[in-house]
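J.: Here are the chains, one letter per residue:
2 protein chains.
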Amino acid sequence: MNWREKLSNITSLNNSLLCVGLDTDVGKIPKFLLETSKNPLFDFNKAIIDATKDLVCAYKLNMAFYETAGKKGNDALEKTIQYIPHNILIVLDGKRNDIGNTAQKYAQSLFDTLKADAITINPYLGKDGVSPFLEYTDKCSFILCRTSNPSAGDFQDLLVSSTPVYQIVAKKIREWDANKNCGAVVGATYPEELKTVRTILGDEIPILIPGIGKQGGDIEKTVRNGANARGEMALINSSREIIFASEQQDFAEQSRKKAEWLRNHINKYR
Amino acid sequence: MNWREKLSNITSLNNSLLCVGLDTDVGKIPKFLLETSKNPLFDFNKAIIDATKDLVCAYKLNMAFYETAGKKGNDALEKTIQYIPHNILIVLDGKRNDIGNTAQKYAQSLFDTLKADAITINPYLGKDGVSPFLEYTDKCSFILCRTSNPSAGDFQDLLVSSTPVYQIVAKKIREWDANKNCGAVVGATYPEELKTVRTILGDEIPILIPGIGKQGGDIEKTVRNGANARGEMALINSSREIIFASEQQDFAEQSRKKAEWLRNHINKYR
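Top to bottom, those sequences are chains A and B. The first sequence begins at 45 in this note's numbering and counts up by one. The second sequence begins at 45 in this note's numbering and counts up by one.
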């Protein structure tokens with residue numbers, strides 16, 4: 045199924061713009077899991093997915109947390125992707141980027157081998173570094189635009205004839221959207237920039253929005269500025285605040301409570 | 045051993061600025077290896093390393109080619125890193141980038157788990173996305189500055205008060221070099237930009253230079269513009285032209301010939 049249809053269906057079914065980030069840090073998952081499970085990263089994810097799958101539109105797996113755990117991490121990544129219900133969007137967040145012939149390999153790895161529905165990529169290399177990903181017309185590529193971190197502005201806010209670089213990137217994203225499979229990444233920590241990017245992108249390009257929760261992004265502004273006129277096409281991500289809600293036996297239940305609160309809180313402003 | 049000492053020693057010992065890129069594409073290695081070897085990616089790399097280890101200052105492994113081969117690829121990557129002689133610099137080319145707490149995971153994965161001496165990273169997120177890598181003071185982080193691909197200029201050449209973005213990145217690299225462990229990536233396909241970046245960086249920051257060979261970069265200009273005043277601190281990379289010199293039984297021997305010619309040709313202009 046095309047990513048857009050999948051996102052649209054699950055957004056309606058679960059009445060949700062919430063994307064749960066499975067940033068499964070082996071140093072932060074409940075200690076008892078490390079003692080009782082042979083594959084604690086996967087078992088942790090499985091419990092979180094079981095507890096939240098009726099509340100989300102997407103799961104986002106940040107690849108750094110799996111790579112750093114070596115073979116066991118890659119194994120947990122693959123098993124998790126297989127375990128996520130087929131009607132929920134899977135975003136692999138690797139921020140990959142390279143010249144054309146190499147970008148094509150990353151695209152193959154993420155979409156063909158790992159079966160992602162959507163990915164994140166970095167635009168610094170320009171169009172021919174992005175094109176190999178966009179050739180996968182049934183998949184979505186979220187291109188970094190204005191990131192959520194404190195020094196995002198170092199290069200993204202540089203002014204080019206009065207226009208900040210991130211806005212030029214946003215305009216390029218709209219231009220590159222010929223196959224209707226581009227998305228943008230904009231941090232919730234910068235609500236005004238989010239509003240500007242939504243205006244540039246129009247209503248049909250999705251925005252993946254990290255920065256809610258630990259990073260401090262405001263929920264109301266995020267929804268009002270990031271969603272389109274129909275209150276859709278925003279994937280509002282929370283990772284640590286949801287998945288590490290508790291270190292006790294009831295960790296999954298506590299995650300569900302956080303996710304449910306956030307899903308509903310987001311919906312207030314749609 | 046600190047990366048700088050290692051690079052300096054091997055540059056002298058092998059009288060070489062040549063970095064061989066092990067972009068080991070399973071679709072391009074000799075067919076007979078796929079039939080005779082249980083681990084063709086590793087066996088291919090092993091043969092190339094055996095044939096070229098007295099001619100290079102570094103090997104660069106582009107992670108995309110290993111990731112796309114799944115578990116077998118990751119296994120070949122790890123085995124290759126173990127196999128490379130300890131006095132040769134190992135560059136893991138993944139162009140990773142993320143916000144601080146996640147960048148720290150990538151740094152851990154590349155430097156601690158995979159034992160790279162040097163890596164490539166993408167600067168789009170600004171200083172706090174780069175800092176976790178720079179905390180590894182005995183390792184080198186090559187930051188993308190002006191890439192070798194045709195559309196590199198889409199964002200890297202945007203003018204900010206008459207200064208192109210890639211020059212602003214070069215200035216930041218110099219500023220971020222407090223621990224003497226920054227490097228820059230500049231494509232050989234843009235010799236004038238390479239010259240400008242060398243001037244900005246001074247003599248002690250290394251430049252990793254892809255774009256020789258298939259991509260068409262001129263060797264003389266690359267050496268004259270990219271090396272420092274002592275004819276050092278440039279890692280001139282060639283991948284496909286060397287490692288895929290032949291598909292026959294003598295592929296490693298043919299690779300050696302190409303590598304030897306290139307090493308010597310580079311040295312003419314140092």
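Please note that a few of the clues may not be correct.
A pair counts as met if it fits within one copy or between any two copies, since identical chains are not told apart.
[As the list claims (entries may be wrong)] Within a straight-line C-alpha distance of at most 27 Å, the following computed BS3-like cross-link-like pairs (lysine-lysine) qualify:
| no. | residue 1 | residue 2 |
| --- | --- | --- |
| 1 | Lys159 | Lys258 |
| 2 | Lys171 | Lys312 |
| 3 | Lys159 | Lys116 |
| 4 | Lys159 | Lys97 |
| 5 | Lys239 | Lys215 |
| 6 | Lys115 | Lys90 |
| 7 | Lys216 | Lys171 |
| 8 | Lys302 | Lys239 |
Worth flagging that the hints you see were computed from the coordinates, not collected in a lab.
J.: Would you mind marking each hint as holding or not holding in the structure?
T.: The hints, checked one at a time:
no.: 1; hint: Lys159 to Lys258; result: neither (29 Å within a copy, 31 Å between copies)
no.: 2; hint: Lys171 to Lys312; result: neither (38 Å within a copy, 36 Å between copies)
no.: 3; hint: Lys159 to Lys116; result: both (19 Å within a copy, 17 Å between copies)
no.: 4; hint: Lys159 to Lys97; result: within (19 Å within a copy, 38 Å between copies)
no.: 5; hint: Lys239 to Lys215; result: within (14 Å within a copy, 31 Å between copies)
no.: 6; hint: Lys115 to Lys90; result: both (18 Å within a copy, 22 Å between copies)
no.: 7; hint: Lys216 to Lys171; result: both (9 Å within a copy, 24 Å between copies)
no.: 8; hint: Lys302 to Lys239; result: within (26 Å within a copy, 54 Å between copies)
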